[in-house]
Amino acid sequence: MTHPVPESLVPYALGEGNPATARHVEGCATCRAEVARLREGADSLRAAVALERRTETSGCLDELTIADFVMGRLGREIRGPAVAHLSTCAHCRGVVRATGRLLADTALGPEFSGAVPAPAGRRWLRWSLPLGLAAAAALVLLLVPRGGDDGSTPSLRDTTLTTGGAPIPLAPRASVARVHRFVWSSVPRAARYRLRLYDAEGAVLWTLETSDTALALPGSVKLVPLGRYFWKVEAQTEWRRWTASDLVEFTAGGPSR
Amino acid sequence: MVESWIAPLEAGDAEASWDLFIERYRRLIFGAIRHYTTEPDEVMDVFARVCEALRGDDFARLRRCAGRVDPNRPFSTWLVVVVHNLTVDWFRHRDGRSRLNAFATALPSLRKRIFEYVFLEQRPHVEAYELLRSLDGADLSFGEFLRELSETYRAAASSRREPLVAGLAGPRPGGSLNPPAADPAELAEQQQVLAAALESLPPGDRLAVRLYVVDEMPAEQVARVLGYPNAKTVYNRVYRALAAVRARLEQAGIKGGDL
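Here the protein sequences line up with chains L and S, keeping their order.
Heads up, the first sequence stops at 257 in the numbering used here, and the numbers go up one at a time, no gaps.
Heads up, the second sequence stops at 1259 in the numbering used here, and the numbers go up one at a time, no gaps.
Isolated chain L, as found in the complex:
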């Protein structure tokens, strides 16, 4: 029996129907087993999505870089860092995926090809009503302080309208059976977070910074069963500006509450 080349089983295993491959797999135990192994590997990767960070950070790619990446036109000097970032950033990959879908939208095809008729007079005036509304909205927005860059460097896309605040320690709290990681709520536009763990005497047992909203407790930090501990997390929202959470107490090694 002639088997298809192994990599040709990949699209079939991941849901792309191919009648010829399907017929072969149906009658071939070897290839059926290979398809099962491929699906197992894919399943494990997809399960990891549950733990991926999905929020935008200061390290995320700007719109021009994403556009260049989607078109396969990234410059050599930026390609390495962009690829490395995309491998770990579900947010930016989501924008890449959405852009790809838009580019593939057949309804938009003529617009991308530039087949736009030459303007005839001031036809844009038809849109003066929504633009007037936009101007009114812009006036309202001018009254609302907004952060973001000053436009001097190509960087993040414009910030969204969100409220700030301090992070909220979520876990561990009170009595827990064991502690593997610390989790807290995200703060809009926070560049990074700093966690501090204290013992009952107030001594700092461990401190670490991260751009994520969770940190695993390292093996080097040993918690005494039923000992009292405190922790807090600070969010860096601007240069040299940190907002701190409340101090939260927990006890490890007891019944969970």
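In short, the hints are calculated from the structure, not lab data.
The model shown is predicted, which means the values in this text are computed figures rather than measured ones.
For the chain L half of the interface with chain S, some residues (derived, Cβ under 8 Å), not all of them:
#: 1; residue: 48
#: 2; residue: 53
#: 3; residue: 70
#: 4; residue: 87
#: 5; residue: 100
#: 6; residue: 102
#: 7; residue: 181
#: 8; residue: 185
#: 9; residue: 186
Simulated restraints on C-beta separations:
#: 10; chain 1: S; residue 1: 1232; chain 2: L; residue 2: 180; range: 39 to 45 Å
#: 11; chain 1: S; residue 1: 1073; chain 2: L; residue 2: 220; range: 46 to 52 Å
#: 12; chain 1: L; residue 1: 88; chain 2: S; residue 2: 1063; range: 30 to 36 Å
#: 13; chain 1: S; residue 1: 1058; chain 2: L; residue 2: 249; range: 47 to 53 Å
#: 14; chain 1: L; residue 1: 249; chain 2: S; residue 2: 1230; range: 54 to 60 Å
#: 15; chain 1: S; residue 1: 1199; chain 2: L; residue 2: 58; range: 23 to 29 Å
#: 16; chain 1: S; residue 1: 1247; chain 2: L; residue 2: 206; range: 33 to 39 Å
All C-beta atoms in this analysis are idealised placements derived from N, C-alpha and C, irrespective of residue type, glycine included.
Got chain L; can you put chain S on it based on the hints?
Relative to the frame of chain L, chain S by itself:
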């Protein structure tokens, strides 16, 4: 393709530049918005928001892009990225939120909260789980949460707002819905093994795997963005990557269905 709006912008006539720009690209902007919604009021509101954002700060966004336009770099692709981001933001944060709430209201209460945390507030999944337990008082294991999360994604995907929802929430967490480690910490440990397996791959292959397998991008698109000759190269790289992942997991004693 000559971008006729750039010269007047650089010469200081921003309004003339804007006239040329909107005349040239309004159809593209409307088309991109309609990819996410076809409700006429929503389309117009988002269009107004896009115009406001592009005109804001003395056309800062357009000026930034104008400085990097060249004949080999289609401006339209950048514009599509901008429209996508602004459309998703509009639905998530401003008037559009009430439009999405109509969808969320029809969900069972737990999935409604999941939708709000994950889709609207963009909380990481683990954070949403901890918020449900600590602030909402939900008594559920991580495994139960993952099942509810998956069902919430499924409900959103089957709604008429699927492209928008995909933009809000990203890829649906999949894989086994019954991990023996119904605890984010243990799942994280297993994922570290997975990450180590992927680390052994070249960076491009790592990204190819994520784009094709996790984000479900078509292989032809993955090939284009990564500079591979064709889709077959993507299949080849993904095949090698999945084999490496499987071998590493078996080495660590993690079998299928454990994740």
